[in-house]
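Sequences listed follow chains A and B, in order. For the first sequence, our numbering puts the final residue at 774, and the numbers step up evenly by one. For the second sequence, our numbering puts the final residue at 1213, and the numbers step up evenly by one.
Treat the hints loosely; a few may be bogus.
Said to hold, decoys possible - Here are some chain B residues the structure puts well away from chain A; computed CB gaps all over 10 Å:
| id | residue |
| --- | --- |
| 1 | Gly1034 |
| 2 | Ala1068 |
| 3 | Pro1123 |
| 4 | Arg1182 |
| 5 | Lys1192 |
Said to hold, decoys possible - DEER-style ranges, computed between Cβ atoms:
| id | chain 1 | residue 1 | chain 2 | residue 2 | range |
| --- | --- | --- | --- | --- | --- |
| 6 | A | Gln124 | B | Gly1046 | 19 to 27 Å |
| 7 | A | Asp745 | B | Glu958 | 25 to 33 Å |
| 8 | B | Phe843 | A | Lys57 | 20 to 28 Å |
| 9 | A | Ser182 | B | Ser973 | 45 to 53 Å |
| 10 | B | Glu1190 | A | Lys57 | 44 to 52 Å |
Don't read these hints as lab results, they were simulated from the structure. Note that the Cβ used here is the ideal one computed from N, Cα and C, for glycine as well.
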Amino acid sequence: MLQLEIDGKQIEVPEGSTVMDAARQIGTFIPHFCYHKKLSIAASCRMCLVQVEKAPKPMPACATPVTNGMKVMTRSEVAVKAQKDVMEFLLINHPLDCPICDQGGECQLQDLSVGYGGMASRYQEEKRVVVNKNLGPLVSTDMTRCIHCTRCVRFTAEIGGFQEMGQAFRNEHAEIMPFIESTVDTELSGNIIDLCPVGALTSKPFRFSARAWEMSRRKSVSPHDGLGSNLVVQTKLDRVKRVLPLENEDVNECWLSDKDRFSYEGLTAEDRITRPMIKEGGQWREVDWHTALEFAAKAVKGAAAEHGAASLGALASPHSTLEELYLLQKLVRGLGCDNVDFRLRQSDFSADGKRMGVPWLGMKIAQIPKLDRVLVVGSFLRKDHPLLALRLRQAARKGTQVSVIHPTRDALFMPLAARAVVAPDQMVGTLAQVAQALAGIKGVALDASVPAVTVGDEAKKMAESLASGANGAVFLGNLAQQHACASTLHFLAEEISRVGGLTLGFLGEAANSVGGYLAGALPAVDGLNAARMLAEPRKAYVVLGAEPELDCADGAQALAAMEAAQAVIVLSPFKGRATEYASVILPVAPFTETSGTFVNTEGRVQSFNAVVRPLDETRPGWKVLRVLGNLLGHSGFDYDSSEAVRHDLLGESAEVSSKLSNGLSRIAVTLKPAAAGLQRVADVPIHFADSLVRRAESLQKTKDARPPMAAMNAATLAGLGLSAGDKVKVKQGAGVAVLSAALDDTIAAGCVRVSAAHPTTCGLGAGEITVERV
Amino acid sequence: MTIQSIILAGLDGDRSWRLADYVQRGGYEALKKILAQKMTPDEVIAELKKSSLRGRGGAGFPTGLKWSFMPKNYVGDKYVVCNTDEGEPGTFKDRDIMRYNPHMVIEGMIIAGYAMGAGTGYNYIHGEIFDLYLRFEEALEEARAAGFLGSDILGSGFSFNLHAHHGYGAYICGEETALLESIEGKKGQPRYKPPFPASFGLYGKPTTINNTETFAAVPWIINNGGEKYLEAGKPNNGGTKIFSVSGHVNRPGVYEVAMGTPFATLLEMCGGMRGGRKLKACIPGGSSAPVLPADIMMDCTLDYDSISKAGSMLGSGAVIIMDETVCMVKALERLSYFYHEESCGQCTPCREGTGWMYRVVHRIEHGLGRPEDLDLLTSVADNICGRTICALGDAAAFPVKSFVKHFRSEFEYHIENKKCLVPPDVQRSGSDFFVAGKN
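Just need the whole structure built from these sequences, with the hints factored in.
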């Protein structure tokens, strides 16, 4: 520990601290622009100059290491003079037109210029003008305002992992820009808007639509990926204007993925439904809530009476709130039916009944950086879990060895210890190899159900890496969870964890992937799971928040089941294709208009309130389900708040950790020979993963939202006699899609990558896939 | 006997840059001596400390001391880097060392590598003297072929590899940490120090950077002893120094003289003032050194201490001579433009301030000056000084401050009368360029 004095206050700081660290520790504010706690030190803005005793000149607090006995004066005449002089320099070429700048009112330069700027400028010469840059559909530029702090540059290089911005040219002609003809395309790009201390980088979707001081700031939780990023939703006149991160070091730190940040645009999508609608005589008409709910209750009751309770089915989006999921399963079970599920993209349910608890991350998110060995199985890590990938990247850069088993060689922007790019059906075998190699190194026997395999080089490297650590983990990603042999992968991962002394974790697919289990929104006794409910069509469905054709593992089958049903009750904020198959559409509130709870992948129970009033006749889903329960004559539907629903489910403490476990009893592992034909690698593109983000206009213009193609590596393409750009007919199950073939050498041999969850590919079924020239 | 010439001695042959010529002049004897006598690195450094050799790039930091900063028991690569990124207006001495005596630099660097336990060296050569980069590559080939470079040098077990690297002409790459960034393939921008290169240098490894002339002085010191070198100059200012003299003298050029030589003697060696005109001012150490008026300059001797006492810097030894035909406003305008253009744009005071100063001086020169401009200029220069990451900010501010200080009346005349104190035809007469028939 080092002793120092700042402005007369004695403090003690750890070795290696800077003066800025020490000042922050005691709450002393030193003005700064380029310094940011999460980024490397640039020491270039010079705003944080302070006086240090015995130093001949003022020192930058951000870059000056503390020495024992140091005396720092942050408010002395010398320090303040230096700070004011730097402020004068910063302002000479900066436009002094705050009233027309989008950053006005929330600008660090504006704020600090109040304290450190002059009343008038001594600069009477020409000012610099810089041509704006195209950074893509999300970030707007006003580069004349740039003060060259390089926070955006450092963010892309250090946090995003891939330097997308840089400073070109010299002197005052220096310009911050992306690479020529490139835009900023990572899934984290929106963070540079927050980082920019001036109005050079602003939000394109939000631009000029409200002033910082006109908006209310309300806390919320992201409804998208399994992380549950904490949000500040800014609203004006009961409309969401934009979304910013709410700093939470344990969850999202100070970052947001672009999906979390810009999905709010979907709230005002064209097909948003705001009044209940029923279909009578083939005609849709708007009705009042009472009529619609009566209609829905009658339809459900009618089907149950006519065909038995088992003829019903309830499908819920895992992006629904905990309260909605709980009430939905309670409603269905009240009718004597066990057919309810929220795991819509899952295809292998053989682990049901063998799980020892709710699958979860296996640790706290904040523990990820402390891991020294990690094996990630089947994950489009950057796109499925942008901020978890960010944490893992920081760890990998500091020495954590990360290995990956996955059918594609996606750019993860982190160093990898080993990587196996294998077809989906070979993932089981590869994992078995790792298990065997690791068991060999550790001298621990594997479970008898794991067959002996020949260990390949990559698997051996992975096992050696895992064996050499002290604090390792195996993570199963979305692809592993949606895999046709998901339970086998789970079991093998558990074996690897057991023999290697590692932690097993699931990277939760959606906002309530843990919550759905807690809510009991899955079959408990003899009910049908999501796949069977569609494979064995029901007479009536209740669909909560989902668009079955896009959100289910087999979209074609889901659509057919919906179309064939005699009644489909859809609770959703959006019409989508529901008008084609539903009997009644009940407009329920998206996350901004309802209170509720998401339980994130680490089991953190995060409740939130509505940030705006429900649009028009929209109502919170939990209220709709409550009334529906009443109308069906169920008891126990008398909740007067969403908190009451949560209390009913989780108790007062909302403590869920005892329910979490990734344990699985034995599953027989069978290794299949490599499939003869093509295999599909179906990723769920980041901006198509749920009904809200699908409708976010600006996100839909990004490179991540480009329409799916039939992408294959060169050998696979050539084997099919195709070349990139050919129009091809892709057939899977009963479905057909016409796409362009694309060359992508990151994909395992014998595989074709056809993204799911997109209108052009949702007609495809499951199983074998063929690709042929049109 | 006074020694006047060490580095430039004996370069009269027509192939002085060739290995054979260098060896004939006693080249590589210092290296052989070290290896044959098995001098320890500490002994080599002790010799340098005795010599009082100070960095010839401008800062004048004691070389022996600098070399002793390199961590001794470091496991891993260490580097020796030579700074031949000579780009300051008025400075052209390293160019001639490289042109006529490259092997002396090579030998100095090998000895440096030996003394600091570095296995690899780089010579970063200014991009605008590309022909000398090529010549240096040839010299390296010769040295490698002769066994002076590479692994197991002269059978001693000591290995040292040396590479040439050329820049693209940015002045800032002469700043040692910007130079390192540039070698690493990045944009040449100075790093914030600490950490200093001795602990975190090239590729994050311990690195020592010295000027070309500094390395070139090393073999002589080893051959003749540090004390002899010190005696050649004056206390605390050992040896000789090469001066690049430009401006209004009859024989501008590169002159090596003993430290402590009176300025008047150098002026004489250069053939005196051109056309017999009077000395008006002199920048003694490259364009970043404060200008000195004639009377102060004539009393100086050429060494670090004397010039520093007079209020300027010996710097790189680039002596810019200005006679009475010079308009000081125009001269400053040109210098300010240089620093404005060459600022790397990284830190605020230099990026913004250099342009501000240039524009104000430009205005004054063009008859648009205002009475308050002189105080403004001084104030802006003061606000840059000591507030920047590297010394370029100071380098840009010193000329402004010193020109305004010493020649304030000339600036005031400009502002008041919207024209120059020195009539245009007089200004033109000072330059050969305008003499009829010559160009």
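Structure-based check of each hint:
1. Gly1034: holds (28 Å)
2. Ala1068: Holds, since 31 Å exceeds 10 Å.
3. Pro1123: violated (5 Å)
4. Arg1182: holds (19 Å)
5. Lys1192: Since the minimum Cβ distance to chain A is about 17 Å, lysine 1192 of chain B lies beyond 10 Å and the statement holds.
6. A/Gln124 x B/Gly1046: 19 to 27 Å: The hint (19 to 27 Å, Cβ to Cβ) is violated, given that glutamine 124 of chain A and glycine 1046 of chain B are roughly 44 Å apart.
7. A/Asp745 x B/Glu958: 25 to 33 Å: holds (30 Å)
8. B/Phe843 x A/Lys57: 20 to 28 Å: With a Cβ separation near 22 Å, phenylalanine 843 of chain B and lysine 57 of chain A satisfy 20 to 28 Å, so the hint holds.
9. A/Ser182 x B/Ser973: 45 to 53 Å: At 36 Å between Cβs, range violated.
10. B/Glu1190 x A/Lys57: 44 to 52 Å: violated (35 Å)
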